[in-house]
Structure formats: C-alpha cells, structure tokens
Amino acid sequence: MLHLPTPDATAKLLASLLGRPVKVGAGKVDDAKLTIAGTYRSGDIANAAMCLMDAGFGAYAGAALSLLPVAVATGYVKKGRLEEDILDNCGEVLNVCSRLFTSDDQHRVTLDTRHFAPEPLPPAATALLAGGKRLDLVLDIDKYGSGMLVLAVPG
Amino acid sequence: MKILIADDSKAMRSIVVRTLRQAGYSGHKIIEAEDGAQGLALARDEEPDLIISDWNMPQMNGLEFLKALRADGVETPFGFVTTEASPEMRVMAAEAGAAFLITKPFTPEDFQQHCDRFLD
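Keeping their order, the protein sequence lines are chains A and B.
Residue numbers 1 to 155, in the UniProt record's numbering, belong to the letters of the first sequence in order.
Residue numbers 1 to 120, in the UniProt record's numbering, belong to the letters of the second sequence in order.
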C-alpha cells in the first residue's frame with residue numbers, strides 16, 4: 001500500500017532535485033487549477049497514486065530543474081499551460097515524485113502516464129481527487145515562484 | 001575518457017552532465033543516448049569508458065541494455081541512475097553486472113562515491 005509523504009519530506013525531495021530551497025507556503029489548493037497530472041503504477045496496480053500540479057508549479061519546477069530563466073516559466077504561468085520545451089522537465093519532476101509514495105524503496109512505484117493541459121485530467125485523477133487521501137501543498141521554489149501540488153492515493 | 005549517458009529525458013541527461021562536472025569530472029567526452037537501443041549501438045561504435053544509464057526507457061530499458069552489452073562480452077563499467085531503487089531492482093542490477101545504482105534525486109557527492117574508481 002502506498003502512502004502520502006509529509007509536507008516536509010515533499011519539500012525536501014523537491015529541493016534536492018531542483019538544487020534550491022523549496023518551502024511549504026500558505027494558501028489553499030484550487031482543484032480547478034490543477035491541469036498537470038502524473039499517474040503511477042505499483043507492480044500490477046495502475047493508478048496507485050497521482051501527482052497533480054497547477055501551471056505555476058509545473059512551470060517553475062520545470063524551469064528550475066534546468067536553470068531556465070524565470071521569465072520563461074512566468075510566460076507559461078501567464079498562458080496557463082506549458083509548451084514543448086518544458087514538458088520534458090516537468091515530466092522528470094513527476095517521475096522523481098514517484099519516490100514520495102514509498103518508504104525505504106520497499107515498493108516499486110513507476111510513473112505510468114503524464115497529462116498536460118489542454119488535455120483534460122484523466123478520469124482516474126479526478127476520481128482520486130474527489131475520493132482519495134490527498135496532501136495539498138502550496139510550494140515556493142526559491143528565486144522562481146510558487147504553485148500548487150497535490151499528491152493523492154486511494155482512500 | 002569517454003562517458004555514455006543514456007536517459008529518455010533530455011533534461012535528466014543535462015543534469016547528469018552538470019552533476020558530473022560539479023563532482024569534479026571535467027574534460028571528458030560525453031555521448032548521449034535517448035534509450036537503451038541507441039545506447040547499445042553507441043556503446044558498440046564509440047567504446048566508452050563508463051556508461052551511466054536510466055532504468056526505465058522506451059525501446060530497450062536499462063537492464064536489457066546492460067544484459068545485451070554483457071552478452072556481447074563488453075565489460076565496460078556500467079551504472080544506473082534511476083528513480084526506482086527497490087531491493088529487487090538492486091539485486092537484478094548487481095546480478096547483471098552493474099557497478100552501482102544511484103537514485104534520483106542525486107548529489108555530486110553521490111557521483112563521487114560511485115564514479116571515483118572509474119573517472120579522473
């Protein structure tokens with residue numbers, strides 16, 4: 001059974017990946033703004049966990065990963081969606097987030113599918129948002145910006 | 001020396017290159033592959049001194065890449081840089097002949113710990 005991490009563990013992993021401080025900020029997640037999703041498989045079980053982001057977190061994290069200028073990320077935040085040159089980066093953030101759902105690597109958790117606006121969220125993601133256990137975070141990436149991240153597992 | 005980096009994420013290949021540099025390994029020729037199949041072809045053509053590969057890749061995954069190399073009799077040092085690192089995967093990697101397995105996210109120190117014996 002996969003589990004949800006703590007907010008601190010999430011911020012710590014992302015800080016390590018992005019090479020800069022990531023802080024848990026104040027604010028509330030607005031589900032309507034979650035337009036990026038990664039679904040994870042654990043062994044034979046599909047949709048064993050989900051990671052959802054708004055365009056802000058996806059853009060800032062994706063840009064920070066490759067040290068792209070903040071202005072590049074800000075442009076995507078204004079558009080409300082990411083484009084080709086940063087999708088790979090955001091996908092890698094989703095990939096590494098798979099580590100958040102297991103302790104001491106006891107379970108295999110693999111990024112299975114990735115979804116980016118304008119593609120709608122997969123039904124499994126909206127179902128998990130509505131009925132699963134979730135960790136809602138507003139995270140601030142140092143020198144880039146803040147955005148929403150939701151981790152969810154079946155309830 | 002020549003280092004082959006195989007990962008289907010261009011961003012992650014760039015980060016591995018940057019981290020190798022931060023770890024103090026500079027002046028080496030870097031060649032990149034987008035998946036295991038391309039990695040295998042480049043390993044045969046370019047004869048790198050060290051191969052650093054992701055595990056989950058399209059076409060041919062990292063473990064299949066390593067096994068194909070060893071089946072060819074190629075004993076180039078081979079290490080994984082991967083998100084997953086279950087005990088089962090560590091055993092499979094070691095049994096196939098991997099020299100190390102570094103988990104993402106990683107630090108320059110992680111690379112120093114595992115690559116010092118292979119790189120100047």
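Everything labelled a hint here was simulated from the structure, so no lab data went into it.
For each residue, glycine too, the CB sits at the ideal point set by N, CA and C.
Treat the hints with care, since some could be wrong.
Stated by the list, open to error - Capping the alpha-carbon separation at 16 Å, the derived lysine to aspartate or glutamate pairs in EDC-like fashion look like this: (1) B:LYS2 with B:ASP45; (2) A:LYS79 with A:GLU119; (3) B:LYS10 with A:ASP136; (4) A:LYS12 with A:GLU119; (5) B:LYS2 with B:GLU64; (6) B:LYS10 with A:GLU84; (7) B:LYS10 with A:ASP104; (8) B:LYS2 with B:ASP72; (9) A:LYS33 with A:ASP136.
As the list claims (entries may be wrong) - If you want the footprint, here are the derived chain A segments under chain B, 3+ residues with CB under 8 Å: (10) 12 to 21; (11) 84 to 98; (12) 103 to 117.
To see whether the hints hold, each was checked on the structure:
1. B:LYS2 with B:ASP45: holds (12 Å)
2. A:LYS79 with A:GLU119: Status holds; Cα separation ~15 Å.
3. B:LYS10 with A:ASP136: Violated - the C-alpha atoms of ASP136 (chain A) and LYS10 (chain B) are around 29 Å apart, more than 16 Å.
4. A:LYS12 with A:GLU119: violated (30 Å)
5. B:LYS2 with B:GLU64: violated (22 Å)
6. B:LYS10 with A:GLU84: Holds: LYS10 (chain B) and GLU84 (chain A) sit about 12 Å apart, inside 16 Å.
7. B:LYS10 with A:ASP104: violated (28 Å)
8. B:LYS2 with B:ASP72: Roughly 19 Å between the alpha carbons, so the hint for LYS2 (chain B) and ASP72 (chain B) is violated.
9. A:LYS33 with A:ASP136: holds (13 Å)
10. 12 to 21: holds (count 3)
11. 84 to 98: holds (count 7)
12. 103 to 117: Coverage by chain B holds here, the residue count being 7 at a Cβ distance below 8 Å.
Consistency note: the structure conflicts with the earlier hints numbered 3, 4, 5, 7, 8.
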